[in-house]
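Peer 1: What follows is each chain in one-letter form.
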Amino acid sequence: MSNVIGQRVTRYDGMAHVTGETKFVDDQVVPGTLTVKALRSPVSKGKIKNLDISAAEKMPGVAGVITAADVPCNAFGLIPDQPVLVGEDIRYKGEAIAAVAAVDEDAAMEALEKIGLEIEEQQAVLDPLEAMKDGAPQTRPEGNFQIWDDNNYRQVNLGDVDKAFEQADEIVESVHLHPSVEHAPMEPICSLAVPHAGPKLTIYTVSQALYFHLGMLCGILQMEPGDLHCKQWKAKTGSAWRHNTGYADLNYVGGTVGGGFGGKNDIMADHVAALLALKTGRPCKWRWTRAEDLLYSTFRGAWHITIKDAVTKQGRIIGRQMTSIRDAGSYASLNPYVVEKHCYLGAGPYFIPNVRVRGYCVYTNKPPASSMRGFGITPAAFATEVQMDQIADRLGMDPWEVRMTNAFRKGEFTPTKRILNSVAVIEVLQNLAAKAGVELPGHLKAMASTQERG
Amino acid sequence: MHTLELTVNGQGHKVEVGLKTTLLEVLRDKLHITSPKVGCNTGDCGTCSVLLDGVLVRSCITNALSVQGKSVTTLEGIIEPGDIHPLQKAFHENYGSQCGFCTPGMILASKALLDANPSPTRDEVKEALSGNLCRCTGYVKIIDSVLAAADEMKS
Ligand code: FES
Ligand code: FES
Numbered sequence: 000m001s002n003v004i005g006q007r008v009t010r011y012d013g014m015a016h017v018t019g020e021t022k023f024v025d026d027q028v029v030p031g032t033l034t035v036k037a038l039r040s041p042v043s044k045g046k047i048k049n050l051d052i053s054a055a056e057k058m059p060g061v062a063g064v065i066t067a068a069d070v071p072c073n074a075f076g077l078i079p080d081q082p083v084l085v086g087e088d089i090r091y092k093g094e095a096i097a098a099v100a101a102v103d104e105d106a107a108m109e110a111l112e113k114i115g116l117e118i119e120e121q122q123a124v125l126d127p128l129e130a131m132k133d134g135a136p137q138t139r140p141e142g143n144f145q146i147w148d149d150n151n152y153r154q155v156n157l158g159d160v161d162k163a164f165e166q167a168d169e170i171v172e173s174v175h176l177h178p179s180v181e182h183a184p185m186e187p188i189c190s191l192a193v194p195h196a197g198p199k200l201t202i203y204t205v206s207q208a209l210y211f212h213l214g215m216l217c218g219i220l221q222m223e224p225g226d227l228h229c230k231q232w233k234a235k236t237g238s239a240w241r242h243n244t245g246y247a248d249l250n251y252v253g254g255t256v257g258g259g260f261g262g263k264n265d266i267m268a269d270h271v272a273a274l275l276a277l278k279t280g281r282p283c284k285w286r287w288t289r290a291e292d293l294l295y296s297t298f299r300g301a302w303h304i305t306i307k308d309a310v311t312k313q314g315r316i317i318g319r320q321m322t323s324i325r326d327a328g329s330y331a332s333l334n335p336y337v338v339e340k341h342c343y344l345g346a347g348p349y350f351i352p353n354v355r356v357r358g359y360c361v362y363t364n365k366p367p368a369s370s371m372r373g374f375g376i377t378p379a380a381f382a383t384e385v386q387m388d389q390i391a392d393r394l395g396m397d398p399w400e401v402r403m404t405n406a407f408r409k410g411e412f413t414p415t416k417r418i419l420n421s422v423a424v425i426e427v428l429q430n431l432a433a434k435a436g437v438e439l440p441g442h443l444k445a446m447a448s449t450q451e452r453g
Numbered sequence: 000m001h002t003l004e005l006t007v008n009g010q011g012h013k014v015e016v017g018l019k020t021t022l023l024e025v026l027r028d029k030l031h032i033t034s035p036k037v038g039c040n041t042g043d044c045g046t047c048s049v050l051l052d053g054v055l056v057r058s059c060i061t062n063a064l065s066v067q068g069k070s071v072t073t074l075e076g077i078i079e080p081g082d083i084h085p086l087q088k089a090f091h092e093n094y095g096s097q098c099g100f101c102t103p104g105m106i107l108a109s110k111a112l113l114d115a116n117p118s119p120t121r122d123e124v125k126e127a128l129s130g131n132l133c134r135c136t137g138y139v140k141i142i143d144s145v146l147a148a149a150d151e152m153k154s
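Line order of the protein sequences matches chains A and B. Quick note: the first sequence, position 81, residue 80 per numbering that gives the first Met the number 0, numbers continuous. Quick note: the second sequence, position 61, residue 60 per numbering that gives the first Met the number 0, numbers continuous.
A portion of the hints provided could be inaccurate.
Said to hold, decoys possible - Below, simulated DSS-like cross-link-like pairs (lysine-lysine); rule was C-alpha separation at most 25 angstroms, straight line:
| # | chain 1 | residue 1 | chain 2 | residue 2 |
| --- | --- | --- | --- | --- |
| 1 | B | 140 | A | 434 |
| 2 | A | 199 | A | 312 |
| 3 | A | 46 | A | 162 |
| 4 | A | 409 | A | 340 |
| 5 | A | 278 | A | 199 |
| 6 | A | 92 | A | 113 |
| 7 | A | 22 | B | 29 |
| 8 | A | 312 | A | 444 |
| 9 | B | 88 | B | 125 |
| 10 | B | 140 | A | 22 |
| 11 | A | 434 | A | 444 |
| 12 | A | 132 | A | 307 |
| 13 | B | 153 | B | 125 |
| 14 | A | 113 | B | 19 |
| 15 | B | 88 | A | 22 |
Calculated directly from the structure, the hints in this document are not laboratory data.
The task is simple: from the sequences and hints, build the whole structure.
Peer 2: Shown next, in the form of structure tokens:
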């Protein structure tokens with residue numbers, strides 16, 4: 000590797016990108032491919048009282064219609080709480096209830112209109128602060144909170160926070176609202192499933208997490224993964240795969256992703272395309288419209304973050320209490336993991352010896368949120384850095400000084416007691432100041448991560 | 000159904016289309032030319048950009064029958080097969096393409112600019128590409144690529 004360090008290396012796939020040869024999922028041409036469209040819930044919460052697909056099935060050009068009854072294992076996810084198609088309980092507006100495969104888009108859309116659907120609408124909860132209240136309507140049967148151990152929050156504790164607040168010269172508190180963010184990759188969610196002779200299937204996917212999703216798909220379809228790596232993974236984890244039927248191979252083809260940013264870390268279309276391909280015996284493609292992608296694909300969930308810091312007159316943060324509430328939407332997806340990482344890194348790149356972080360992962364009747372660039376760390380960094388400026392304001396100090404005073408030094412540790420032996424926060428800040436044309440005072444210029452804290 | 004005759008990348012085609020069929024559907028679904036992408040299908044993102052008699056258009060909102068007898072150029076057709084256009088070389092070498100999904104549209108929009116204005120300023124490049132969205136690069140390297148290509152084409 001050493002021969003490439005310091006050199007410009009062109010992208011291995013760059014030439015294909017600039018000549019138009021790169022084949023994204025939507026660019027795969029398989030003759031006879033059917034168009035898939037989904038019937039999505041018009042309400043945020045409710046019970047399906049009646050679902051009648053008989054008229055839709057008889058429409059000209061329609062090759063197949065599927066509902067929850069067609070899904071061999073209708074629960075998936077890292078915490079398998081999400082159905083492929085709603086059986087009875089609708090948890091968000093836009094949740095897929097049925098899907099049609101037809102010769103073209105017009106035929107598929109007309110068939111959707113022929114599906115009989117009766118829903119008993121229920122009280123939805125769309126605000127996580129409301130969902131947290133005692134007596135709030137249940138957003139889901141498992142409850143409105145993600146549970147860790149016996150708590151309805153994830154916690155990270157270090158030292159004695161209460162004592163730190165007693166010793167503080169100043170207490171600085173701030174509340175931060177981080178809205179939800181859609182990844183909006185230029186390539187919308189798309190899946191193409193092609194059945195072969197025998198119960199075999201090839202799925203062209205936009206997945207950013209091929210091996211996770213291959214395993215989950217084998218679970219949903221009750222198929223044996225055809226891929227060696229997946230078999231090894233299965234042997235290691237021992238769970239999540241069901242392989243009790245005669246299916247032999249699932250060939251999962253991916254790797255060419257038209258932008259993801261964490262927005263293609265959850266299965267959104269592959270399962271439905273696969274089920275329709277198996278049912279109709281024909282290739283099926285489900286390409287979401289831009290509107291579907293913006294409304295119903297996963298996104299960075301909104302955050303409500305409160306930080307309260309115990310601070311000395313010199314600008315040292317000696318204690319932090321942080322309470323973060325994540326609007327997870329209606330399914331686990333990667334939300335619990337996002338909240339955990341948020342909690343681990345809630346204190347930022349600063350050495351705070353007493354820390355109490357509580358991260359709530361709250362379920363609402365919105366589409367499921369999930370990962371996006373940083374898995375919960377980005378909103379924590381946003382809140383922390385605003386807080387650093389507020390501390391500087393309160394103390395009348397230079398914000399550079401507040402940051403550098405608190406920055407990690409070599410040998411110090413994070414709130415999860417990870418000892419840091421390679422640290423360069425101070426040097427990064429010095430570099431940043433130089434590049435921004437900020438003249439730091441001498442004592443900050445002389446500071447170094449390797450100096451022991453005085 | 001109606002018969003549409005058009006030239007794509009120098010080659011004549013005759014296809015059957017409906018009244019609602021778009022040029023993008025003709026290119027992708029009927030002719031299997033897949034460099035124009037479906038990013039939005041509503042005229043907002045520029046991933047479906049092609050040149051129509053040399054003019055940049057969004058093929059997703061161009062009715063197929065409106066291009067009767069006209070000549071369309073996609074990324075595949077801006078240069079002889081096997082050869083490489085200075086814009087393609089510049090996008091490759093200057094990291095103007097990351098995931099590649101916006102790239103065909105970006106290069107065609109850049110070509111339309113350079114054909115009309117061989118020495119654009121940075122601001123003129125920005126203006127010419129303002130209808131093409133990219134979610135990966137942050138645009139700086141795309142603009143660098145276009146300016147690098149302009150330099151190369153002049154020398
Ligand atoms: S696909 Fe035509 S502008 Fe977006
Ligand atoms: S390179 Fe990915 S959208 Fe532009």
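Peer 1: If a hint holds in the structure, say so; if it doesn't, say that too.
Peer 2: Consistency of the hints with the structure:
{"no.": "1", "hint": "B:140 <-> A:434", "verdict": "20 angstroms, holds"}
{"no.": "2", "hint": "A:199 <-> A:312", "verdict": "69 angstroms, violated"}
{"no.": "3", "hint": "A:46 <-> A:162", "verdict": "50 angstroms, violated"}
{"no.": "4", "hint": "A:409 <-> A:340", "verdict": "22 angstroms, holds"}
{"no.": "5", "hint": "A:278 <-> A:199", "verdict": "12 angstroms, holds"}
{"no.": "6", "hint": "A:92 <-> A:113", "verdict": "20 angstroms, holds"}
{"no.": "7", "hint": "A:22 <-> B:29", "verdict": "17 angstroms, holds"}
{"no.": "8", "hint": "A:312 <-> A:444", "verdict": "21 angstroms, holds"}
{"no.": "9", "hint": "B:88 <-> B:125", "verdict": "20 angstroms, holds"}
{"no.": "10", "hint": "B:140 <-> A:22", "verdict": "23 angstroms, holds"}
{"no.": "11", "hint": "A:434 <-> A:444", "verdict": "14 angstroms, holds"}
{"no.": "12", "hint": "A:132 <-> A:307", "verdict": "22 angstroms, holds"}
{"no.": "13", "hint": "B:153 <-> B:125", "verdict": "20 angstroms, holds"}
{"no.": "14", "hint": "A:113 <-> B:19", "verdict": "22 angstroms, holds"}
{"no.": "15", "hint": "B:88 <-> A:22", "verdict": "19 angstroms, holds"}
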